[in-house]
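Residue numbers (our numbering), protein chains in the order written: chain A, 1 to 480; chain B, 1 to 273.
A portion of the hints provided could be inaccurate.
Stated by the list, open to error - Pairwise CB distance ranges (calculated):
{"no.": "1", "chain 1": "A", "residue 1": "S276", "chain 2": "B", "residue 2": "R219", "range": "53 to 59 Å"}
{"no.": "2", "chain 1": "B", "residue 1": "R219", "chain 2": "A", "residue 2": "G341", "range": "47 to 53 Å"}
{"no.": "3", "chain 1": "B", "residue 1": "A218", "chain 2": "A", "residue 2": "D339", "range": "28 to 34 Å"}
{"no.": "4", "chain 1": "A", "residue 1": "G361", "chain 2": "B", "residue 2": "Q247", "range": "48 to 54 Å"}
{"no.": "5", "chain 1": "B", "residue 1": "N223", "chain 2": "A", "residue 2": "V244", "range": "47 to 53 Å"}
{"no.": "6", "chain 1": "A", "residue 1": "Q355", "chain 2": "B", "residue 2": "I222", "range": "34 to 40 Å"}
{"no.": "7", "chain 1": "A", "residue 1": "S408", "chain 2": "B", "residue 2": "P250", "range": "45 to 51 Å"}
{"no.": "8", "chain 1": "B", "residue 1": "A192", "chain 2": "A", "residue 2": "Q355", "range": "24 to 30 Å"}
{"no.": "9", "chain 1": "A", "residue 1": "P461", "chain 2": "B", "residue 2": "P221", "range": "29 to 35 Å"}
{"no.": "10", "chain 1": "A", "residue 1": "S276", "chain 2": "B", "residue 2": "A218", "range": "55 to 61 Å"}
Because the hints were derived from the structure by calculation, they are not lab data.
Given the structure is predicted, the values throughout are model-derived calculations rather than measurements.
Backbone N, C-alpha and C define an ideal beta-carbon position, used for all residues, glycine too.
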Amino acid sequence: MTARKTLIALKNGKDPMRQFKSFVIAIAAMMGMITPAAAQLRVTVVGEEYVPMRIAVPDFEADGAGAAEIAAQLSDVLRKDLASSAVFELVDKAAFIERDLSFDMAPRYPDWQVAGVAAQALIVGNVIINPANNNMTVQFRLYNVFGQTQQFARQYTVATPLNWRRLAHRVADDIFTQLTGDAGYFDSRMVFVSKTPGEDPVRGRLAIMDQDGANAEFLLAGFTSVINPRFSPTDQRILYGAYVPDPKYPGATLLRTYLYDIETGRQEVLAEGPNSMDYSARFSPDGRSIALSRAVGGNSDIYVIELARRTQRRLTNDAAIDTSPSFSPDGKMIVFVSDRGLGPQLYIMREDGAQMNCPKGGRDTTCRITFDSGRFTDPVWSPRGDWIAFSRQGDGKFSIGVIRTDGSGMRILTDGYQDESPTWSPNGRVIAFERTASRGAGPKLWSVDLTGRNLRRMPTPRDATNPTWGPLLKVEAAQQ
Amino acid sequence: MRLSAFFSLAAHMGVVAAGLWAAQETAYKPEPSTPMIVIPLELMTIGEVTDIAPVVAEAPKEEEAAAEEEVTETFSSAAAPKPEEDTVNLDAAPPPPPPKQEEVKKPEAKPTPAKKEEDLNSFLDSMLTDVKKDKPKAAPAPAGRTASPENGPARMGAGEMRRTQVTVQDFIRAQLINKRCWTDHSDMADAARLQATFRVRFSNNGKFALEPELREPAREPINDPPMQVFIQHARTALQKCNNLGWQLPPEYFKLEPAPYWIDLVFVPKIGAR
């Protein structure tokens with residue numbers, strides 16, 4: 001219509017320049033009629049319900065002497081890893097239609113799309129043991145079933161088949177990364193304090209296990225009263241506190257903080273000032289410094305110690321008890337507990353002690369981020385940086401919760417008779433903690449997804465407290 | 001006698017000359033012509049913007065007819081086919097009654113159009129002729145609420161369009177969510193920032209007419225694994241629902257202008273707050 005009117009007007013016009021302009025306008029208007037239109041409708045689709053991703057993991061193929069057994073075990077560990085995550089839901093093997101899968105051939109996608117199977121992802125793998133040198137190679141492919149494409153493929157080779165379990169965790173991490181965009185956490189270990197039921201609650205031994213509970217063993221046979229182990233986020237070192245005989249006062253005990261290298265077995269007393277007690281130590285993200293609480297004369301403040309030179313900096317200087325510091329993943333901020341308000345609450349401060357803008361307004365060297373009637377303890381900054389986990393006592397319960405670093409969005413993930421000591425998985429998606437189900441019950445380790453789903457008991461040989469989740473283990477296998 | 005005849009003739013000639021002079025002096029003199037300002041006009045059917053059924057245009061008044069004589073002449077004089085069957089009919093409710101025949105008044109006879117400018121560009125003239133030819137011919141009378149001598153076939157009112165859009169939105173959204181093609185992704189790192197938009201178009205066999213096209217972001221970011229995965233999941237959601245088959249209201253296929261593209265914006269629940 002516009003073009004037509006313009007042309008009509010053009011026919012009556014006298015000015016050649018105006019005629020020309022009108023002609024151009026008319027042409028543009030007609031062109032506009034035939035140009036592909038922009039979308040006429042915009043529909044926002046909000047994922048309302050969380051649904052785990054269905055994933056199918058048939059047994060890996062095997063090639064070589066002894067490979068079949070390892071392939072079956074490796075497939076089983078892989079399935080358990082993925083199933084333990086809130087992200088995935090395993091497709092029952094009995095529902096599989098295509099059972100003659102070959103690693104070298106694409107699957108029949110429709111067989112994996114049908115109702116009853118409805119797998120979004122399919123993993124096909126192969127275990128090869130080389131008879132010449134006993135090397136083991138694990139290959140796998142990840143298929144996007146509805147996209148009908150191979151999404152990812154990788155191969156690991158290790159010197160001995162004995163490492164099959166770690167390879168299973170490694171494959172699980174790769175799949176997790178491909179399907180979630182986050183790093184995995186299956187190829188990691190956890191240190192905790194192992195307790196013997198019925199024993200003095202103060203007594204406890206340092207122990208370590210894979211994150212799935214396998215390969216549990218004690219560390220440091222000589223120490224029997226260990227508390228608060230903390231894994232380094234970068235390597236296999238831990239900090240821990242231990243009650244040891246006080247040389248000055250026979251019969252009394254003294255709390256010391258130790259730095260222990262799990263791989264070399266070497267350990268050293270980290271900090272011990274005259275007339276002071278150090279506790280609640282935790283590594284900085286780069287593993288080069290630690291933050292801890294130092295009690296002098298009944299008052300606790302936060303200190304940072306650089307490990308290489310043992311230089312110390314005092315970060316808080318307050319009459320209140322400041323304790324349980326934890327670094328942000330960029331190392332620039334620290335969250336800690338202080339009772340400078342009414343009861344223990346969470347505060348944040350800069351690592352250099354400088355003033356900062358507080359989330360609730362104003363400038364100060366420390367900013368309170370919780371304003372709750374409960375009592376907050378054990379804050380731990382997420383490796384992802386977006387949340388701070390804590391334990392909270394209030395309303396007759398102990399809870400594990402998370403809060404954003406500006407104090408917003410507090411969510412309680414679990415509560416029970418006594419839930420405490422949260423620790424993050426290396427990718428910041430899962431929180432492990434200690435739970436005492438009732439009076440007189442022994443403490444156990446549990447885990448919960450950041451979303452509050454997938455509350456699971458973590459297997460430990462005995463009672464367990466104070467879990468601390470280590471970083472992903474380094475890849476030793478040749479990777480292609 | 002001769003002398004008197006001479007004076008009489010002279011006096012008559014003087015009267016005639018005076019009359020001619022007076023007539024010339026009192027005659028209408030047009031003002032000097034000014035350059036014509038071309039103002040593009042968008043003639044719009046009222047049904048495009050409101051629910052109000054447009055009244056079929058009455059015969060233009062004399063002065064309006066003079067102003068639009070060419071347009072009116074062109075479209076009213078054209079042979080007018082009946083509206084075709086694909087006229088949009090969105091609502092289950094019965095359509096409004098057609099206007100009475102007598103309401104549609106034929107435009108009155110126009111004064112003879114002014115003489116066309118002789119210097120018209122013949123090329124432009126031919127283009128104008130083409131445009132006139134391409135335009136669907138208007139119905140002379142009924143065609144209900146959406147008929148008009150201006151626009152010919154029935155058009156959807158804005159309210160109907162909105163209702164249909166809402167219906168289509170609900171259909172698509174419900175399938176993506178109820179069939180669990182698209183689920184919550186709030187547990188992803190920094191989930192509130194994640195958003196992916198795909199442009200889709202459906203064919204009437206329940207499948208996409210074309211592969212969904214990623215619109216926002218324009219490309220999959222290489223250094224942003226969470227966003228990559230989010231986009232991949234959105235694409236998989238579309239593929240999954242496409243495999244299951246889309247169910248769309250018939251109105252979708254009548255929406256204009258066709259083809260009717262839809263942008264699907266995928267967000268996690270945390271990002272929608």
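### Beta-carbon spacing of A:S276 to B:R219 - inside the hinted bounds 53 to 59 Å or not
Roughly 57 Å apart at Cβ, these two residues keep to the hinted range, so it holds.
### Task
Given the range 47 to 53 Å, decide if the beta-carbon distance of B:R219 to A:G341 lies inside it.
Between B:R219 and A:G341, where Cβ atoms are some 49 Å apart, the hint holds.
### Message
Given the hint of 34 to 40 Å, is the C-beta distance from A:Q355 to B:I222 inside that range or not?
### Response
Once the Cβ atoms are compared, 39 Å apart, the range 34 to 40 Å for B:I222 and A:Q355 holds.
### Task
Go ahead and decide if the range 28 to 34 Å is satisfied by the Cβ distance of B:A218 to A:D339.
Violated, since B:A218 and A:D339 (Cβ atoms, about 52 Å apart) do not stay within the stated range.
### Task
Take the C-beta atom of A:S408 and the C-beta atom of B:P250, compute their distance, and say whether it sits inside 45 to 51 Å.
Between A:S408 and B:P250, where Cβ atoms are some 46 Å apart, the hint holds.
### Query
Is the gap between the beta carbons of B:N223 and A:V244 within 47 to 53 Å?
Cβ of B:N223 to Cβ of A:V244: about 49 Å, so the range 47 to 53 Å holds.
### Query
If you check the beta carbons of A:P461 and B:P221, does the distance land in 29 to 35 Å?
45 Å, violated
### Query
CB of B:A192 to CB of A:Q355, is that within 24 to 30 Å?
28 Å, holds
### Message
Is 48 to 54 Å respected by the C-beta to C-beta distance linking A:G361 and B:Q247?
### Response
At roughly 52 Å between Cβ atoms, B:Q247 and A:G361 fall inside 48 to 54 Å, so the hint holds.
### Task
Kindly confirm whether 55 to 61 Å is satisfied by the beta carbon distance between A:S276 and B:A218.
59 Å, holds
The structure does not agree with the numbered hints 3, 9 stated previously, though it agrees with the rest.
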